[in-house]
Amino acid sequence: MVAAESYPDDLKYHPEHDWARIEGEEAVLGITWFAQDALGELVHFEAPEAGATVSKDGMYGEVESVKAVSDVVAPLSGEVLEVNQKAVEAPETVNQDPYGEGWLVRVRMSDASEVDGLMDVEAYRAHVAEQ
Amino acid sequence: MAVTLKRTPLFERHVELGARLVPFAGWEMPVRYEGVIPEHRAVRADCGAFDVSHMGQLHVDGPAAQAFLQEMLSNDVDRIGDGEAQYTLLTNELGGIVDDLIVYRFAHGQFLLVVNASNRAVDYEWLKEREPRGVEVRDASDEYALVAVQGPRSLERVGLPAAPAFTHAMGEVDGVEVLVCRTGYTGELGVELCCPADDASALWDAVLERGAVPCGLGARDTLRLEVCYPLHGNDITPETDPISAGLGWACKLDTEFTGVEELRRLKEAGPAAKLVAFVMEEKAVPRQGMPVEGGGRVTSGTHSPMLDVGIGMGYVPAERAAPDMALTIDVRGKPRRARIVKKPIYEREE
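Chains as they are written, first to last, in numbering that gives the first Met the number 0: chain A, 0 to 130; chain B, 0 to 349.
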């Protein structure tokens with residue numbers, strides 16, 4: 000089933016409703032509960048290739064539901080190390096567990112200072128409340 | 000945005016049910032409640048209920064009403080009797096499709112046209128301008144609510160007797176008097192229940208109490224596309240004709256109606272492009288407006304909840320419009336393979 004609304008404390012957020020979990024020099028990226036709820040059940044994740052370069056605020060893939068398609072925006076710059084095959088094969092995983100099993104890509108950050116420009120959970124919650 | 004969206008008599012119900020509401024044809028309508036996919040599957044497996052009160056209802060009455068409708072509509076209205084209904088097209092002078100609609104015939108020269116929400120005003124004005132002596136066209140859309148109850152268990156769920164498709168009769172659901180129309184837009188057994196706007200909530204509550212799953216416009220679109228029912232504004236428009244759209248069966252070319260000469264010529268010569276159904280052979284969801292390589296365009300596209308692949312309809316050059324032919328769809332710059340299939344795209348295995 001679809002997850003209940005939540006925004007974990009330990010993530011960094013981008014205003015386009017994307018999240019990053021910082022793990023040393025790497026980061027795991029995904030879309031927030033708000034984004035998946037707005038789209039509805041996902042039926043397709045058009046993923047980047049491993050090795051692709053992503054840049055902060057740039058699109059690195061697309062997520063599609065029955066009704067809509069949306070760009071996935073990179074909160075941070077870097078190189079794609081791994082694509083979550085589960086999100087490709089069973090995109091509904093993103094609806095069920097947007098911060099866990101439904102992560103999208105893992106990147107090696109090219110500029111760790113970009114993290115400081117992202118929102119913390121308080122700022123993101125305020126951002127969501129304005130939508 | 001200073002646009003004020005209209006609300007159906009069931010708006011409060013949709014809010015209470017937690018629907019996601021979206022603007023559609025000037026109305027604030029539920030696109031989904033639980034989710035498009037579970038709602039779609041409920042209709043294919045059991046029973047779903049849709050608020051389609053945004054659709055237009057035009058009364059066409061009077062001693063000359065039947066003759067007038069025969070001139071305005073493409074199908075042969077003389078073929079239906081009292082208590083029957085017919086799918087038909089309102090055509091323009093060039094044979095283009097002003098709207099597609101269902102005409103219901105009642106006793107004493109009375110007809111009801113149920114038309115697309117987006118075309119309600121256009122249709123009304125079209126008919127009103129041409130209304131001859133002995134006919135009265137009246138837009139009664141705001142007086143009625145319309146609830147579609149669709150699915151293999153729909154009749155049993157709402158306790159209505161079996162009846163042939165495209166018939167209508169007065170009936171009752173848990174004390175609410177309704178006009179029961181054996182019509183729908185899902186490809187399933189079902190009814191469309193028409194009642195006075197004031198009775199809408201009681202009817203809706205009764206239908207849900209009897210186990211129908213509330214369904215939004217999202218599921219309505221995926222259901223109709225799986226069975227290749229055209230959507231006016233997407234697959235058929237005033238600039239497209241019924242012959243190219245595969246709706247020649249709804250045009251009786253031996254009757255006289257607006258644009259019939261054009262359509263006779265087109266049928267004789269053969270259309271340059273045809274509306275085909277296709278299934279994606281790669282992971283991708285086709286969408287309205289996407290170009291087809293070698294000419295043509297997608298007019299409707301979605302992800303099929305039953306087949307779990309991208310499906311769509313679109314116009315392609317007639318010489319490339321046969322089942323099993325390969326198509327390449329330009330999906331935001333990426334070529335994606337598809338294959339033309341016979342309509343409907345989805346059919347229940349019996």
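Everything labelled a hint here was simulated from the structure, so no lab data went into it. Everything numeric in this text was worked out from a predicted model, so none of it was measured. Backbone N, C-alpha and C define an ideal beta-carbon position, used for all residues, glycine too. Honestly, I wouldn't trust all of these hints.
[What the hints assert, rightly or not] Selected chain A positions facing chain B (in silico; Cβ < 8 angstroms):
| # | residue |
| --- | --- |
| 1 | Val-1 |
| 2 | Val-27 |
| 3 | Gly-39 |
| 4 | Glu-63 |
[What the hints assert, rightly or not] List time: in silico DSS-like cross-link candidates among lysine-lysine, alpha-carbon distance up to 30 angstroms:
| # | chain 1 | residue 1 | chain 2 | residue 2 |
| --- | --- | --- | --- | --- |
| 5 | B | Lys-251 | B | Lys-266 |
| 6 | B | Lys-333 | B | Lys-282 |
| 7 | B | Lys-251 | B | Lys-341 |
| 8 | A | Lys-55 | B | Lys-341 |
| 9 | B | Lys-333 | A | Lys-55 |
| 10 | A | Lys-85 | B | Lys-266 |
| 11 | B | Lys-251 | A | Lys-85 |
| 12 | B | Lys-333 | B | Lys-251 |
| 13 | B | Lys-341 | B | Lys-282 |
| 14 | B | Lys-266 | B | Lys-333 |
Need the status of pair Lys-251 (chain B), Lys-341 (chain B): alpha-carbon distance at most 30 angstroms? Cα-Cα ~23 angstroms, so holds.
Hint check: Lys-251 (chain B) vs Lys-266 (chain B), CA-CA at most 30 angstroms. Holds or violated? holds (12 angstroms)
Is Lys-333 (chain B) close enough to Lys-282 (chain B), meaning Cα to Cα at most 30 angstroms? holds (11 angstroms)
Identify whether the interface hint at Val-1 (chain A) stands, where standing means a beta carbon of chain B within less than 8 angstroms of its own. Constraint on Val-1 (chain A) satisfied, holds at 7 angstroms.
Interface hint check: Val-27 (chain A), Cβ to nearest Cβ on chain B, cutoff 8 angstroms. Holds or violated? The hint is violated - Val-27 (chain A) has no Cβ within 8 angstroms of chain B, the shortest such distance being about 23 angstroms.
Satisfaction of hint between Lys-282 (chain B) and Lys-341 (chain B), Cα-Cα up to 30 angstroms: holds (20 angstroms)
Given the hint that Lys-333 (chain B) pairs with Lys-251 (chain B), test it: the Cα-Cα distance must not exceed 30 angstroms. violated (42 angstroms)
Interface hint status, Gly-39 (chain A) versus chain B (Cβ within 8 angstroms): Where the cut-off is 8 angstroms and the nearest Cβ of chain B is about 6 angstroms from Gly-39 (chain A), the hint holds.
Restraint check for Lys-266 (chain B) with Lys-333 (chain B), where alpha carbons must lie at most 30 angstroms apart: Status violated; Cα separation ~36 angstroms.
Take the C-alpha atoms of Lys-251 (chain B) and Lys-85 (chain A), compute the straight-line distance between them, and say whether it is at most 30 angstroms. Violated, because 53 angstroms separates the two Cα atoms, which is more than 30 angstroms.
Is Lys-333 (chain B) close enough to Lys-55 (chain A), meaning Cα to Cα at most 30 angstroms? holds (23 angstroms)
Given a cut of 8 angstroms on the nearest C-beta pair, is the interface hint for Glu-63 (chain A) held or broken against chain B? For Glu-63 (chain A), the interface hint holds, since the closest Cβ of chain B sits about 5 angstroms away, which is under 8 angstroms.
In summary, the numbered hints that this structure violates are 2, 8, 10, 11, 12 and 14.
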